[in-house]
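For the sequence shown, the working numbering begins at 7 and goes up steadily by one.
Simulated from the structure, these hints should not be mistaken for lab results. A hint or two may mislead.
Stated by the list, open to error - Just the calculated beta-carbon pair ranges, DEER-fashion:
(1) ASP168 to PRO84: 44 to 50 Å
(2) GLY441 to VAL21: 31 to 37 Å
(3) PRO211 to LEU442: 57 to 63 Å
(4) ARG437 to LEU210: 46 to 52 Å
(5) GLU58 to CYS26: 54 to 60 Å
(6) ILE20 to THR273: 53 to 59 Å
(7) GLU197 to GLU233: 47 to 53 Å
(8) VAL56 to GLU164: 43 to 49 Å
(9) THR358 to ASP168: 24 to 30 Å
(10) ALA463 to PRO211: 53 to 59 Å
(11) LYS354 to VAL56: 47 to 53 Å
(12) LEU442 to GLU233: 53 to 59 Å
Idealized CB from N, CA, C, for every residue including glycine.
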Amino acid sequence: MTDRSGTLPSTKSIVDEVFCAVKDYSKLAAGFPSDEHEYHMAFVGFRKHVREHSGVLLSLMDKCCRLLPKRRRVSLVPEDPSAPQLSEKQRMTAMEAIDSLLESVDTVLDNLKGQRINSEDQLYVTFGSKLGESTSVNVENGGFAHVAHVMRPQLTFEVPVDNSEAPFIPTYSDENGIMHTGEAHVHPFAEKIQKFSPSAEQLLPRLEIAPLPLSSCPLKFIDTVDELEQLVSNDLLGVKEIAVDLEHHDYYSYLGFTCLMQISTRTMDCIIDCLRLRSSMRLLAPVFLNPNILKVFHGAREDVRWLQKDFSLYLVNFFDTAIALQTLHMPHSLAFAVDHFCQVKLCKKYQTADWRVRPLPAALVDYARQDTHYLLYVYDRLRTLLGNAANRAALGNLLLHVYEQSKRLALEVYEKPRLDPEESYRAALGRSLGGLTAAQEEIARGLFNWRDAVARAVDDSPAAVLRSSAILAIASKRPGGARELLRCCNPVSATLRRRVAELVEIVRGGDGRGEEEGDAPTAEVLPSPSATPSLLGRPLGVFQPMTGTLPSIVSVVAPSISSIVGEGGGCLFAAWRRPIGRRRCVGLRRRWRVDRRRGFRSRAATCWRVCGPQRRPRPA
Numbered sequence: 007m008t009d010r011s012g013t014l015p016s017t018k019s020i021v022d023e024v025f026c027a028v029k030d031y032s033k034l035a036a037g038f039p040s041d042e043h044e045y046h047m048a049f050v051g052f053r054k055h056v057r058e059h060s061g062v063l064l065s066l067m068d069k070c071c072r073l074l075p076k077r078r079r080v081s082l083v084p085e086d087p088s089a090p091q092l093s094e095k096q097r098m099t100a101m102e103a104i105d106s107l108l109e110s111v112d113t114v115l116d117n118l119k120g121q122r123i124n125s126e127d128q129l130y131v132t133f134g135s136k137l138g139e140s141t142s143v144n145v146e147n148g149g150f151a152h153v154a155h156v157m158r159p160q161l162t163f164e165v166p167v168d169n170s171e172a173p174f175i176p177t178y179s180d181e182n183g184i185m186h187t188g189e190a191h192v193h194p195f196a197e198k199i200q201k202f203s204p205s206a207e208q209l210l211p212r213l214e215i216a217p218l219p220l221s222s223c224p225l226k227f228i229d230t231v232d233e234l235e236q237l238v239s240n241d242l243l244g245v246k247e248i249a250v251d252l253e254h255h256d257y258y259s260y261l262g263f264t265c266l267m268q269i270s271t272r273t274m275d276c277i278i279d280c281l282r283l284r285s286s287m288r289l290l291a292p293v294f295l296n297p298n299i300l301k302v303f304h305g306a307r308e309d310v311r312w313l314q315k316d317f318s319l320y321l322v323n324f325f326d327t328a329i330a331l332q333t334l335h336m337p338h339s340l341a342f343a344v345d346h347f348c349q350v351k352l353c354k355k356y357q358t359a360d361w362r363v364r365p366l367p368a369a370l371v372d373y374a375r376q377d378t379h380y381l382l383y384v385y386d387r388l389r390t391l392l393g394n395a396a397n398r399a400a401l402g403n404l405l406l407h408v409y410e411q412s413k414r415l416a417l418e419v420y421e422k423p424r425l426d427p428e429e430s431y432r433a434a435l436g437r438s439l440g441g442l443t444a445a446q447e448e449i450a451r452g453l454f455n456w457r458d459a460v461a462r463a464v465d466d467s468p469a470a471v472l473r474s475s476a477i478l479a480i481a482s483k484r485p486g487g488a489r490e491l492l493r494c495c496n497p498v499s500a501t502l503r504r505r506v507a508e509l510v511e512i513v514r515g516g517d518g519r520g521e522e523e524g525d526a527p528t529a530e531v532l533p534s535p536s537a538t539p540s541l542l543g544r545p546l547g548v549f550q551p552m553t554g555t556l557p558s559i560v561s562v563v564a565p566s567i568s569s570i571v572g573e574g575g576g577c578l579f580a581a582w583r584r585p586i587g588r589r590r591c592v593g594l595r596r597r598w599r600v601d602r603r604r605g606f607r608s609r610a611a612t613c614w615r616v617c618g619p620q621r622r623p624r625p626a
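Given the sequences, and given the hints that come with them, work out the whole structure.
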């Protein structure tokens, strides 16, 4: 591609030209009549254009397939150019080739943007980077959720992720730093938590301490082992209370993992990079197990599980402000508590952010910091309210009640998710299964179990592999090929594209079982009229078991049908009792049909299978 001067055109001109062509073709593809395809194919001109464009598309896809290795290369040139058709193998090869090219394009773009770097640098956090400095996310509109091209941090973990159904066994550190191996389903510090009781200082009223302004409060970022050790010894072990929160990611991970930990004291805030310090987070055990240091959380049910799963950390002496708000019959969100007690509105735009992103933008740093910065003051205000309401509360001392409820929460033990191949899909899909037949429900069960097994293997969440809505759509439509199946899925993950043939086999297997069992339950119970003896000849009051089968619907309704149809083919329920060809029946149903021989659509009118179909051409 050279111009008349013999110089190469600019990259921008090439990109603009390519994108202009792709944009035009995308518009044409979006306007392609997929719903009424058969109707449009009745016109000769439409068939001609489809045949011409099919040849061009096949030629382009064949060129893409030539870029694959020889052992996977398949020719897409049709044997009959007048009727180009692709086999299932050719379709899969074309999809694989196009996906491979798209991944190559993503890799090149990431290299140009500087996003694809080695694993050590990928996990390095540029603390406090300015807005927009991280090119992997869109900061302005909160577009942090589910960034697919971020390198998987779990690949750098010292202890590989175990997605099997084997019981979780913790390897934890005690308050003295000694490592222990626990037992499955057993809380290693249950006795210590049960014996704990809050001190008199925690129960008596005291002066509320307002939080420091964010601009004047020191902020530390911890991403090395030395910094973590200094934080524990110098800043945390010497205080009486701390506020803690976690940021977790569980979309591109089956079990999920903790990405950040925020800790605030009365005089400072700190953020710990749990991705780089995952194997060293046990250094916080002397703080979390210390009964003289109060740990304040908000909505800690998931945080307790994540601490056990990722770091084998357990809580002694902690207070959940969400439980306190519920006890006072107040809205229990953190945003409400901070707004009500501190007159500060928290921004929840990044609540579903992808916390794996590195470098970490300043917007996420500020968001994470504010989750704990005001929490100790919220605790002060709630403790005062709980103490004032103790005399008129039916539960007695409400402050003790919140401590007891928090203690119960700390005694919970993390359990890995388990799959029951026969029943788990019912609990997950719920009432959505109500509209499915037995064969369709069997397909849904197979798809659900397949999704769980694949998610464990590739370490993705089940939703990242295949969404539940797609499972229901595939089960209800029962597509026969890969292309039809992928149309039921939005979005289509890379894992799904690679393994779509497995799903097609599951659907076909479910269809085979459905044909054997019968989709309509009436086919099994519908009877033969001769097999059921008359009940009139039986003596009254004497029980006799029924033999044979029930009479069929047709045998019962047929005499009634013949009695209501007139001699001229008209229906007794039709308006003016005239034939349907002249007057429309009250109970008729209409639908459009395609008449390929005549090239126009005709309308079929049926009076509930009584008068029979009457075909009339569509009026001009």
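Here is how each hint holds up against the structure:
1. ASP168 to PRO84: 44 to 50 Å: 49 Å, holds
2. GLY441 to VAL21: 31 to 37 Å: The hint (31 to 37 Å, Cβ to Cβ) is violated, given that GLY441 and VAL21 are roughly 47 Å apart.
3. PRO211 to LEU442: 57 to 63 Å: 59 Å, holds
4. ARG437 to LEU210: 46 to 52 Å: Given range 46 to 52 Å: holds, Cβ gap about 51 Å.
5. GLU58 to CYS26: 54 to 60 Å: 21 Å, violated
6. ILE20 to THR273: 53 to 59 Å: Given a distance of about 58 Å, which is inside 53 to 59 Å, the answer is holds.
7. GLU197 to GLU233: 47 to 53 Å: Given about 33 Å between the Cβ atoms, the range is violated.
8. VAL56 to GLU164: 43 to 49 Å: Once the Cβ atoms are compared, 57 Å apart, the range 43 to 49 Å for GLU164 and VAL56 is violated.
9. THR358 to ASP168: 24 to 30 Å: 26 Å, holds
10. ALA463 to PRO211: 53 to 59 Å: 56 Å, holds
11. LYS354 to VAL56: 47 to 53 Å: 49 Å, holds
12. LEU442 to GLU233: 53 to 59 Å: Cβ of LEU442 to Cβ of GLU233: about 55 Å, so the range 53 to 59 Å holds.
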